[in-house]
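A.B. asks: Protein chains in written order, with the working numbering: chain A, 205 to 377; chain B, 163 to 267.
Worth flagging that the hints you see were computed from the coordinates, not collected in a lab.
All C-beta atoms in this analysis are idealised placements derived from N, C-alpha and C, irrespective of residue type, glycine included.
Heads up, a few of these hints could be off.
[What the hints assert, rightly or not] Partial pick of chain B residues on the chain A-facing surface, computed with a CB cut under 8 Å: (1) 171; (2) 179; (3) 194; (4) 205; (5) 207; (6) 209; (7) 214; (8) 236; (9) 238; (10) 240; (11) 246; (12) 257.
[Stated by the list, open to error] When the alpha-carbon atoms are kept at most 20 Å apart in a straight line, the in silico EDC-like pairs for lysine to aspartate or glutamate are as follows: (13) A/374 to B/255; (14) A/232 to B/260; (15) A/232 to B/255; (16) A/338 to A/321; (17) A/375 to B/255; (18) A/232 to B/261; (19) A/374 to B/239.
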Amino acid sequence: MAPVATPFFFYLLSGIMLIGGILVITRKNPVHSALALIVTLLAQASIYLMLYAPFVAGVQIILYAGGIMVLFLFVIMLVSIDRSVRERQFNSQWVVGIIAATALGGLFVTVFIKGKEIFPEHALPMVENDNTQKIADLLYGAHTGQYMFAFEIASLLLLVAIIGAVVMAKKRI
Amino acid sequence: MESMLHITTLHYLILGAALFLLGVIGVLTRRNVVIVLMSIELILNAVNLNLVAFSRMWGGLHGQVFAIFVITDAAAEAAVGLGILIAFFRNKETVNVDEVNLLKW
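The following block holds chain A by itself, in its conformation from the complex:
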């Protein structure tokens, strides 16, 4: 399907993402930050759709916005005391942090100005109705599956993370 009004959607979605990111790092109430992060993640899923990656967009919505952020909200409800909402919200090393972030931002700007011509144009528009099958071919395929080992390691990592999180959060082991 031919893309339509791509610059409008890109600038709209990137504006939503940047405003959501700024809200995440500047809100006093952590619940507001979590909701702003959910908005950012949903806008990012739409940008994945613009980049012809529908499977990654679906995984992002289901796993990230629907799993990880709900976990964050649970823990915020567990540890949120009203005292922390009324205190200062920037820590005692914020000057050094801003200086370091400015240095990193200057580095990014230098990279993008000097290296602007090494990024070629986009490839031709990719077909997206067999995107899931192609990702499955890369992950599980008989002759084309080169990420099978990484997939098994990822499932082992999730098992270790589950056991670790339960042990860390228990009162008496």
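Place chain B on chain A using the hints.
C.D. replies: Frame of chain A, contents of chain B only:
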């Protein structure tokens, strides 16, 4: 103005870099540990955006598979990080990073 209307890979990379910078500012300057963890998630999402943009540029799907693995890793790391946060909160009844100073000389 014409170069701003045609969306290339560089636009997505600049957006990813801006999100990365916002996440780094959030990690370095906030007091609440939960918001620091959420800024780390912002950083991981910026990396994912870079990966998928490069996957679009080269036409293959390796970047998207890598992005799926990064999302899986982010889930595992968020779970363990929040478990540590709960253990820390149970000991000290606070969620400030400034009060983690028992090893300070």
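A.B. asks: Hint by hint, say whether it matches the structure.
C.D. replies: Hints versus structure:
no.	hint	in the structure
1	171	5 Å, holds
2	179	5 Å, holds
3	194	6 Å, holds
4	205	10 Å, violated
5	207	6 Å, holds
6	209	12 Å, violated
7	214	5 Å, holds
8	236	7 Å, holds
9	238	3 Å, holds
10	240	5 Å, holds
11	246	5 Å, holds
12	257	5 Å, holds
13	A/374 to B/255	16 Å, holds
14	A/232 to B/260	16 Å, holds
15	A/232 to B/255	18 Å, holds
16	A/338 to A/321	30 Å, violated
17	A/375 to B/255	14 Å, holds
18	A/232 to B/261	18 Å, holds
19	A/374 to B/239	18 Å, holds
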